[in-house]
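Please put together the full structure from these sequences, using the hints given.
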Amino acid sequence: MAISKEAYKVLESIVGSEYISADPTICEGYRSGPGGYESGLGYERVMTRIPGCVIMPRTTEETQKIVKACNRYKIPYVPYSTGFYGPRSHPHVSDALLIDLKRMDDFEIDDKHLYAVVGSGVIYSQLQEEAMKRGLYIVIGGGGSQVSAIANMLGDGWSPLSYRVGLPHRRILGTELILPDGELVRLGSLALQDDYSWSEGPGPDLRGLLRGFTGHRGFLGIVTKMAIKLLPFQPERLVPSGISPHTSLQLPVNRVRWINFTMPSKDAMRQAMVEMANTEIGAGITKVPIFWRVIARAKSKEEFWELWSKETEETIKNFHVLRVLLIGFTSEEQLEYEERVLMDIIAPLGGEARRTRPTDESWFKNADSAGMWLMCGGYVSVDYVIETLEHSIPHGENYAKLKRNYTPPLMPDYGDPGWFQSFELGHQGYSEFLVYWDPDENTDGVDQFYLETSKENIRKRFYTSLLGSHQPLYLTGPAYGPNYHKWLLKIKDEFDPQFICHPPVPLNHDVFVERAKWLHPQKDWKSPELPKLS
Amino acid sequence: MPKSKVSLDVTKIENFIFDMSMCIKCKGCTWVDHIYMPGMKYSTRCPSATKYLFDSYGAYGKMRIGVALVEGRLDYSDELLKILYACTLCGACDVGCKRNLDLEIELTLEALRIKAVKDGKGPMPEHKKIAQKIAKQHNFFGSPHANRKKWLTKEIKPSPKADVLYFVGCSASYTHPEIARATAKILNASGTPFMLLPDEWCCGNTLYSVGMIDEAQKLAKRNIEAVKKTGAKTLLTSCAEGYRMWKVDYPKILNMSTDDLGFKVVHLTEYVDELVKKGTLKLAKRIDLRLTYHDPCSLSRLSEPWVPWKGERGLWGVVSPPLERRRGTNGIYQPPRDVLQSIPGVKLVEMPRMRENAFCCGAGRGTKEAFPDFASWAAEQRLVEAKEVSAEAIVSACPWCKDNFTKVASNNGGNLKVLDFSELVLSSIGSTGKRR
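Chains as they are written, first to last, in this note's numbering: chain Z, 1 to 534; chain F, 535 to 970.
Treat the hints with care, since some could be wrong.
To be verified - Dumping the calculated EDC-like pairs for lysine to aspartate or glutamate here, alpha-carbon to alpha-carbon at most 20 Å:
1) Lys537(F) / Glu302(Z)
2) Lys575(F) / Glu858(F)
3) Lys537(F) / Glu303(Z)
What the hints assert, rightly or not - So the derived label-pair ranges between C-beta atoms look like this:
4) Arg824(F) / Gln250(Z): 47 to 57 Å
5) Pro358(Z) / Lys755(F): 46 to 56 Å
6) Gly16(Z) / Gln868(F): 37 to 47 Å
Claimed, not checked - To be clear about the criterion: a stretch of chain Z counts as covered by chain F if any three or more of its residues have a C-beta under 8 Å from a C-beta of chain F, and this derived list gives those stretches:
7) 16-26
8) 92-104
9) 136-148
10) 158-169
11) 220-233
12) 370-380
13) 412-420
None of these hints come from the bench; they were simulated from the model.
Just so you know, even glycine gets a beta-carbon here, dropped at the ideal spot from N, CA and C.
Have a look at this one:
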């Protein structure tokens, strides 16, 4: 235990002996890998460490005291809610204190003003069920139902349902944040009084700082409470049915309906998305990635590969399935009206409605992102870009082309051009590119592809949402800033002068490239002297 | 990736390195299936992770610790043994993982315990005492072997020879004779001739569960042989743990299929369900009771039959020949519910966590003996849940569940009744259990 006895005693006095441990077995249980997001990749192997100590606070006050003690004793610390987000949510330096926030599960719901106040340990499916009991709903991000709602709201947090309700940034209301030095800051209306209901408050809005575009993975403090905006749903309950693994929500078809359409082309899908947005119909929309379809059909990993091996470049190229969610929020008539409008949009584009089961397995309450690992055991989204619909299609196609150079070790996908969809009633287009590999193979090529996507974005002038914590800051900062990297580091210095809150983020990827020799041939940008880490 | 040989043999931890290495920390093992997520309360199904909180006590932690142990990066310690044994092996993690990933979590946990015993570190001291009692008196409690059939009353008349053999088990034989009596009377009432083993011994559930594979194998062989000698076609149990041992773990540790046992293994709940549906057994007597049913883990998600498998694992982790995974889907969930609902006056209400999402009572598989506080805590969680749905009684189908629930319920002074399935069925037939 590298944390001094004195520091340990101080920490223990804050939470009690039951909720702190430096036992090597306990700490081993918090290892990032070998499985998980980015499993087996260089980043996980080179950058992660098991914690030197784990502590589980119950309240904001306890967490604040822990952070202050870390500052006093210069203990690097990492906030950790569920640990699902792979290596980037685990310690990167030896002997760090991992602050496991699962006991912070306070929950309040205000169904009159449509928000819930959640602690860091509350996960999405818990929140969704409480909302739905009251005729409300939230969007469960693609990260999955099992992730901390706060962490996901601060990081990614979108799904096909973001088409109607917008991106998560807009649904963060009053928030309680412990800065890296232990100062407690209340954001939004919470800054004025005990009122979580509103997002804006006096002074600068730190939400942008907290989240950036896709989050900074806990290097600017710890959010201990957040009010999340809830939205009115329709009145009928979605009834769970089936026995694991075949469980689903039965949809009240008079109010909620998924419809799949076979479309003649990607462009027809894009046009349908635009027209739906123009007519303001629909509650959710997405292009169906063919992987999902095969995963859903397969009863096992072996069956997946059997089915997948029947695909060809041609079938993938011609696979254009559009999945649309209609909800009669206000009435059954609303759903009927929207369905008629939708059919009027789809027909001239040459689309055909397919039979679609009256169930939901993946988006309302389950969001089973875990299924992404079934095929190969290794998975990561190398990029997710929110720009325009026009932008999102070539972005994916471009990546598909690039990916051929790295297949294998990447899974053969017959040129699949990724996943795109419409957000915020068509005002934004989304492109996500998921890659898969066998973690037991040599994965250097996956690391190289990951890095190359960033360079490709810069070359082709694609926007990227994975900046600081996911790509080298000194590669992306000058390209997108031009001084984004300098600002980010200045902010970090200001709030975390001792550089102890999840070091070395946001320079983590720069350090990684420095350490990963197999990436050196790709390094054609200048880096400053990087921090020396244990 | 070169192909590697792999099997489901739990005596070799090497078979499960893939499963331990592929855990992604989605914690599907701990949370209730999200489709069924009941909200902020009752949201977890893993007693160990819920009680001890550190990730190391969830299956995700245990998988990582297992890899470290195998790779020699971690040594045995009191904490490590507690992590391995303060776990009910209830299978909740296994069905949760197989919702998405199909990793063999339950087998891995069993294999880790077997490894701990082989390494001379396991089981816990309390388990060793039980093993001595079983060796000496052939029962879990160390009671005189001669008393095994003391539960028999004058009115119960087993046949010397019958197609159905009732394997009573240690708990119903010694500490919960009311379950053995009720079962026998139900069989009598249905006109089912049944026999008992001339010399019944412990099924070895605890031995196997704590990793004492050699002792468990000896008992398995001895017991199977004893049943075969009787010529029974069906072995019936009223104990869920015993049911799992006979149906799943005996074949598992003897490298055979359930189908090859030479007789069929059924639980009382299945048997009664069939009798009621055929009309052979009438549950006519009214019982005005609002009750909830607790799924015993070993009857529900852990009860699918065993088929040995060995083969190869290659690229992407794909195995050949195809492996039919046991995901808990075909456990015994509906039969007990159908029977209970067919009793006039009974109002069956479900707890938020039910079927494959049920929260273990905490008693089974060596947990209560080594970690009694944990076992009581788990039972308390379940009893609170039963009260939440305003149940007047909690009904299970295993004497170990009943025992744990009863002790905790009586300590807490609550008025929730704890009943076994057999007792309720017998009451609905009529207390004497005479054939109608």
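Hint check:
1. For the hint pairing Lys537(F) with Glu302(Z), the CA-to-CA distance comes to about 15 Å; that is within 20 Å, so the pair holds.
2. The straight-line distance between the Cα atoms of Lys575(F) and Glu858(F) is roughly 34 Å, outside the 20 Å bound, and the hint therefore fails.
3. In summary, the hint linking Lys537(F) to Glu303(Z) is supported, as the alpha carbons are separated by about 18 Å, within the 20 Å threshold.
4. Take Arg824(F) and Gln250(Z): their Cβ atoms lie about 26 Å apart, and the range 47 to 57 Å is violated.
5. Distance hint check for Pro358(Z) and Lys755(F): the Cβ-Cβ separation is about 52 Å, which falls inside the suggested range of 46 to 56 Å.
6. About 44 Å separates the C-beta atoms of Gly16(Z) and Gln868(F), a value consistent with the hinted range of 37 to 47 Å.
7. Chain F is given as covering the region 16-26 of chain Z, and this holds because 6 residues of the stretch bring a CB closer than 8 Å to a CB of that chain, at least three being needed.
8. With 3 residues having a Cβ less than 8 Å from any Cβ of chain F, the region 92-104 of chain Z passes the three-residue criterion, so the hint holds.
9. Counting residues of the region 136-148 of chain Z whose beta carbon lies closer than 8 Å to any beta carbon of chain F gives 3, which meets the minimum of three for the stated coverage.
10. Figure legend: the region 158-169 of chain Z, annotated as covered by chain F; annotation inconsistent (0 residues with Cβ-Cβ distances under 8 Å, at least 3 required).
11. Taking a C-beta to C-beta cut-off of 8 Å, the region 220-233 of chain Z contributes 0 residues in contact with chain F, too few for the three needed, and the coverage statement is violated.
12. For a cut-off of 8 Å, the count of residues in the region 370-380 of chain Z with a CB near a CB of chain F stands at 7, and the three-residue condition holds.
13. Using a Cβ-Cβ cut-off of 8 Å, 0 residues of the region 412-420 of chain Z lie near chain F, which falls short of the minimum of three, so the contact claim is violated.
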